[in-house]
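Asker: Sequences are here, hints too, so could you generate the full structure?
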Amino acid sequence: MKSLIKEFSKGITVLNPTFGLILGLCPTLAVSTSLFNAVGMGVAATFVLVFSNLIISALRNFIPARIRLPSYIVIIATFVTVCELGIKAYLPGLSKSLGIFIPLIVVNCIIMARAEAFASRNRILPSIFDGLGMGVGFTLGIAIIAFIRELLGSGSIAGIGLLKSNEFILVMILAPGALLTMGLLIALSRLMGLTKR
Amino acid sequence: MEISRIISIAISMVFINNFILSKFLGLCPFLGVSRRTQAAFSMGIAVIFVMVFSALLTSLIYAFVLVPLNIVYLRTIFFILIIAAFVQLIEMVIRKKSPALYKALGIYLPLITTNCAVLGVAILNINEFFVPGAPVYAGILYSIIQAFFAGIGFCVALLLMSGIRERLEFTDTPISMKGIPVAFIVAAIMSLAFMGFSGFKL
Chain Y
14 MKSLIKEFSK
24 GITVLNPTFG
34 LILGLCPTLA
44 VSTSLFNAVG
54 MGVAATFVLV
64 FSNLIISALR
74 NFIPARIRLP
84 SYIVIIATFV
94 TVCELGIKAY
104 LPGLSKSLGI
114 FIPLIVVNCI
124 IMARAEAFAS
134 RNRILPSIFD
144 GLGMGVGFTL
154 GIAIIAFIRE
164 LLGSGSIAGI
174 GLLKSNEFIL
184 VMILAPGALL
194 TMGLLIALSR
204 LMGLTKR
Chain Z
17 MEISRIISIA
27 ISMVFINNFI
37 LSKFLGLCPF
47 LGVSRRTQAA
57 FSMGIAVIFV
67 MVFSALLTSL
77 IYAFVLVPLN
87 IVYLRTIFFI
97 LIIAAFVQLI
107 EMVIRKKSPA
117 LYKALGIYLP
127 LITTNCAVLG
137 VAILNINEFF
147 VPGAPVYAGI
157 LYSIIQAFFA
167 GIGFCVALLL
177 MSGIRERLEF
187 TDTPISMKGI
197 PVAFIVAAIM
207 SLAFMGFSGF
217 KL
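For the record, the sequence lines run as chains Y and Z.
Its first residue numbered 14, the first sequence is counted upward by one per residue in the working numbering.
Its first residue numbered 17, the second sequence is counted upward by one per residue in the working numbering.
Do not rely on the hints blindly, as some may be mistaken.
Stretch by stretch, here's where chain Y covers chain Z in the computed footprint (C-beta under 8 Å, at least three residues) [stated by the list, open to error]:
{"#": "1", "segment": "36 to 49"}
{"#": "2", "segment": "89 to 98"}
{"#": "3", "segment": "137 to 146"}
{"#": "4", "segment": "194 to 206"}
Not close to chain Y: a few residues of chain Z, all C-beta gaps over 12 Å, as computed [unchecked claim]:
{"#": "5", "residue": "Ile25"}
{"#": "6", "residue": "Arg111"}
{"#": "7", "residue": "Lys119"}
{"#": "8", "residue": "Arg183"}
Worth flagging that the hints you see were computed from the coordinates, not collected in a lab.
All C-beta atoms in this analysis are idealised placements derived from N, C-alpha and C, irrespective of residue type, glycine included.
Answerer: Below, the structure written as structure tokens:
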């Protein structure tokens, strides 16, 4: 049990995908314009991470080493498609605002990296917890960025307006704001010693 | 098939909707290989090449396999497999035919498979040019053109960034800002500059 908690918590702290490993940047920056979008993206990626880790770990003794990467891609792409169709059916608004970044979860480096580095070498239960921890870490990272950008860029938190229209900086929800926020947050997490350099 | 549409695709992909600086596609290689100009140039050329050919292959497969068989919902799986297989093939051909080129591009080729810009342009092409009712052959042509100019835009941003980063190494940056964080700040300023193009319309 203790080791499972360790697998879970490392994705949130030391090996945080967003600020520590600096993986999966494209969706992190592109969909962090509002908290709602960010959490939606995080949950979708977590779903794919947990299930692809589960299946890859279960099949780790059957997949030949030489064709392991294409096999992982097919498994991951399957869950991404499930996720894409599910979001399109039940949350059409979210599907519209995330756009092509839902199918692009396939090429999110976090998922491939965990499949290769963890799920292909460990038993099923630790792999699920690893996927869950990484997913939660990713969601947390993207939500922090979205919180800052949404507050400064459109003056609201999760859609609830807080600031008057002359008090916020529009550029924060545009592309430059994302890059700036990300750079400053990584520097901050290094300065505070939260993640390894 | 109009010239004005081609020009507007070109300007949009290179400047207005630059893949890296305004759409955030392909950020990992943008930060990973922008330390040296030479490496950045090789990566840029490899990306243009792979993007154009995978756009051709994916649009052909979409128009002549997925749509007739009514399995459009499988496009993500198909596209990523096509791209992965194509990149593998290119790597094998280059290694056999031109060892010099392999040495220059070799390590970047496998990285391209997980470059979201390549899959991104394939999906964008389908969303934009393959709406029901649009002529298929024009769609394929526009897809290739869009992929080519998206690749050029990627290459331009990568080269600009590598030029800046080569000089950044000699500056006195605070320890926690060194490397990736300061690269993000530079990218933010570049992206701000590219926003100047956004009023541009044909």
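Asker: For Z:Lys119, is the shortest CB-to-CB distance to chain Y above 12 Å, so the non-interface label stands?
Answerer: Holds, because the least Cβ-Cβ distance between Z:Lys119 and chain Y comes to about 23 Å, which exceeds 12 Å.
Asker: Z:Ile25: least C-beta distance to chain Y exceeds 12 Å?
Answerer: Given a closest Cβ separation of 17 Å, the condition holds.
Asker: At least three residues with a C-beta closer than 8 Å to a C-beta of chain Y: is that true for the segment 89 to 98 of chain Z?
Answerer: holds (count 7)
Asker: Quick one: see if chain Y covers the segment 194 to 206 of chain Z, three-plus residues with Cβ-Cβ under 8 Å.
Answerer: Holds: 9 residues of the segment 194 to 206 of chain Z have a Cβ under 8 Å from chain Y.
Asker: Please verify the coverage claim for the segment 137 to 146 of chain Z: does it have three or more residues whose C-beta sits within 8 Å of some C-beta in chain Y?
Answerer: The restraint on the segment 137 to 146 of chain Z holds, since 3 of its residues have a Cβ under 8 Å from chain Y and three suffice.
Asker: Could you check that no beta carbon of chain Y comes within 12 Å of the beta carbon of Z:Arg183?
Answerer: holds (17 Å)
Asker: Taking 12 Å as the cut and beta carbons as the points, is Z:Arg111 off the interface with chain Y?
Answerer: With a cut-off of 12 Å, Z:Arg111 remains clear of chain Y, as the shortest Cβ separation is near 17 Å.
Asker: According to a criterion of three or more residues whose C-beta lies within less than 8 Å of a C-beta of chain Y, is the segment 36 to 49 of chain Z covered?
Answerer: Held - the segment 36 to 49 of chain Z has 9 residues with a Cβ nearer than 8 Å to chain Y, which meets the minimum of three.
This entry satisfies every hint, going by the numbered hints stated previously.
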